[in-house]
Amino acid sequence: MDRTTTEWNVSLNVRASVLAVLILLLSLGLWEGLNHAPSLGGGEQLSEYEQLLAGAEESAKVPPPSEILVRAWEELSDPFYDAGPNDKGIGIQLGYSLYRVLTGYLLAAAVAIPIGFLIGMSPLMYKALNPFIQVLRPISPLAWMPLALFIIRDSEASAIFVIFICSIWPMLLNTAFGVAGVRKDWVNVARTHELSSLKTAFKVILPAAAPTILTGMRISIGIAWLVIVAAEMLVGGTGIGYYVWNEWNNLDLTSVIFSILMIGVVGMLLDMSLAYVARFVTYAE
Amino acid sequence: MSHAFVEVQQAAKRFPGASKNAPPLTVFENVSFQLQKGEFVCIIGHSGCGKSTIMNALAGLDQFSDGSMVMEGKEINGPGLERGVVFQNYSLLPWLTALENVRFGVRARWKAWSERQVTEHSMEYLEMVGLKEVVSRKPSQLSGGMRQRVSIARAFATKPKLLLLDEPFGALDALTRGVIQDELVKIWTHDQQTVFMITHDVDEAILLADRIFLMTNGPEARIAEAVEIDLPRPRNRAEIIKHPNFYKIRNYLVDFLVNRSSGLRVQENEPKGLYYPTPVNPVHVDSTTEALTNLPETAPVTEHEEKLVKFTPKEIRHG
Chain A
1 MDRTTTEWNV SLNVRASVLA VLILLLSLGL WEGLNHAPSL GGGEQLSEYE
51 QLLAGAEESA KVPPPSEILV RAWEELSDPF YDAGPNDKGI GIQLGYSLYR
101 VLTGYLLAAA VAIPIGFLIG MSPLMYKALN PFIQVLRPIS PLAWMPLALF
151 IIRDSEASAI FVIFICSIWP MLLNTAFGVA GVRKDWVNVA RTHELSSLKT
201 AFKVILPAAA PTILTGMRIS IGIAWLVIVA AEMLVGGTGI GYYVWNEWNN
251 LDLTSVIFSI LMIGVVGMLL DMSLAYVARF VTYAE
Chain B
1 MSHAFVEVQQ AAKRFPGASK NAPPLTVFEN VSFQLQKGEF VCIIGHSGCG
51 KSTIMNALAG LDQFSDGSMV MEGKEINGPG LERGVVFQNY SLLPWLTALE
101 NVRFGVRARW KAWSERQVTE HSMEYLEMVG LKEVVSRKPS QLSGGMRQRV
151 SIARAFATKP KLLLLDEPFG ALDALTRGVI QDELVKIWTH DQQTVFMITH
201 DVDEAILLAD RIFLMTNGPE ARIAEAVEID LPRPRNRAEI IKHPNFYKIR
251 NYLVDFLVNR SSGLRVQENE PKGLYYPTPV NPVHVDSTTE ALTNLPETAP
301 VTEHEEKLVK FTPKEIRHG
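For the protein sequence lines, the chains are A and B, in the order given. Under full-length UniProt numbering, the first residue of the first sequence carries the number 1, and numbering increases by one thereafter. Under full-length UniProt numbering, the first residue of the second sequence carries the number 1, and numbering increases by one thereafter.
Looking at chain A on its own, in the form it has when it is part of the complex (with noise of 0.2 Å):
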């Protein structure tokens, strides 16, 4: 029995993998193939004029995979070299950005976690809260930057602040939620072991809490992931979208394909992580 079921998921695993690899290879196939398709007709005479262009293309294409595959090899076997504000390794690029997103998020954390217990713990602190949160939340981080910028007077700190801002709401709500939906049972254990309110917080509803608030947590990283790029768009100087930006402008588009790939990766790695904490956290009932 035990056998079966292991041979079956095990079959099925195989069999994910040879399915994934294939719709790699027939894309990057096709992408790479679409790109080399000879515009020369067949076997026919150059003109003057296409042997004055060497057989280039009148219209840029999209690099092939190949090109990226070896761009890729470049950067990642010296990421952190600094050669210059206008040229840095992606290593160095990615860590100003995971700086910029960890710093405005556990600020969010530190501030959205303890108000979204109050939030919860209180129907009046909800009822006269929510319509602020309400209208704040809405709104796109990046309409702060201006305002930001003009208070803080610091692109950096001001990446910072929308990120900041960006991550505190899913946060705030969930806690929010998680607190309030603490099963009664469960405090009512609390109060007739006459726990303090500080210890029925602590021993209690955060770990009851614990796994909305996590999920709280892991929508907020995404989110912030998903902002800095545009943030730093729009700061410049540093950081991975800066760096997309830049190589937009020196019309680079294979570092433009590979450093979109390196954020889809981070993204990633920064969900995991998260989704790897939530597992200590959550319970069956």
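If you're looking for bench data, these hints aren't it; they were derived computationally from the structure. Be aware that a few hints might be false.
As the list claims (entries may be wrong) - Subject to a maximum C-alpha distance of 16 Å in a straight line, what follows is the list of computed EDC-like cross-link-like pairs (lysine to aspartate or glutamate):
#	chain 1	residue 1	chain 2	residue 2
1	B	159	B	191
2	A	203	B	100
3	B	242	B	255
4	B	161	B	183
5	B	159	B	39
6	B	161	B	75
7	B	159	B	82
8	B	161	A	194
9	B	159	A	194
10	B	248	B	228
11	B	159	B	120
12	A	184	A	247
13	B	161	B	62
14	B	132	B	183
15	A	61	A	252
16	B	138	A	285
17	B	111	A	194
18	A	184	B	62
To be verified - Only part of the chain A face toward chain B is listed, based on derived beta-carbon distances under 8 Å:
#	residue
19	181
20	185
21	188
22	194
23	195
24	206
25	283
26	284
Glycine is no exception: its CB is placed at the ideal position from the N, C-alpha and C atoms.
Got chain A sorted already, so can you dock chain B onto it with the hints?
Just chain B now, kept in the frame of chain A:
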């Protein structure tokens, strides 16, 4: 009158009427009773008569609209560690293991104890309910019966002066229920705590209780009678049904619940003052009251049997 261990006087629970001018809905009123120290009291009544409200009020989790509760000369005002509660749905904290759940209670009770002391004390009670092997499992990995045992262990381990059990076996199958009832008897014999328990199961009440409070149907329910169960202890499920008085008691209780509980209302001419439930001993009232005249012991009427089935669907039905 104030010598009783727990004293509830003229308690009532009312809810505001549906509309502004409607009269308030009275669930129960003029409920008074006493619990003696070391006594095991069960309370039986149909749904909606306010049993759970009485229990939650004693636990400090709910409040009466009227009336007073005194325990050992002190008014009951809010929850406290001297009153332990076992809820029907176990109320274990699902992120803690069985041992940690019991430790949670013990730690709250004796704050000065060392970690080792807390663990040893908790283990002792988990062993008493036969869970020594599974203490490191989380509630989700335990069966319903095991969870309720953990809950019972947690409640008894804190050694409350009054233990409140809110239909603790309501969600369990008959076989599991029997086993845990025996364990409850064992652990209660060990500690001799005062227990107040809600149940829907007549047999369970007879097995466990010294006295059984019978409640009339709500609204405006009250505790009509306090039936004394003087079957010899220690009792166990297999032996107790052979006792000559068992069926006399059982029939009396079932008759009350099936036939009389809906008819008994607060009488117009009833004194308004303090009113304690009438003490009854079914073994002695046999021929003198009219209560049993419509329930011949020898040949149960089929119609009556049907009502029985409706009333206690989960109980173990003997013979």
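Now for the hints, and whether the structure bears them out:
no. : hint          : result
1   : 159/B x 191/B : holds (8 Å)
2   : 203/A x 100/B : holds (12 Å)
3   : 242/B x 255/B : violated (20 Å)
4   : 161/B x 183/B : violated (19 Å)
5   : 159/B x 39/B  : holds (15 Å)
6   : 161/B x 75/B  : holds (14 Å)
7   : 159/B x 82/B  : holds (8 Å)
8   : 161/B x 194/A : holds (15 Å)
9   : 159/B x 194/A : holds (14 Å)
10  : 248/B x 228/B : holds (12 Å)
11  : 159/B x 120/B : holds (15 Å)
12  : 184/A x 247/A : violated (56 Å)
13  : 161/B x 62/B  : violated (19 Å)
14  : 132/B x 183/B : holds (14 Å)
15  : 61/A x 252/A  : holds (12 Å)
16  : 138/B x 285/A : holds (9 Å)
17  : 111/B x 194/A : holds (11 Å)
18  : 184/A x 62/B  : holds (13 Å)
19  : 181           : violated (14 Å)
20  : 185           : holds (4 Å)
21  : 188           : holds (6 Å)
22  : 194           : holds (5 Å)
23  : 195           : holds (6 Å)
24  : 206           : violated (10 Å)
25  : 283           : holds (4 Å)
26  : 284           : holds (4 Å)
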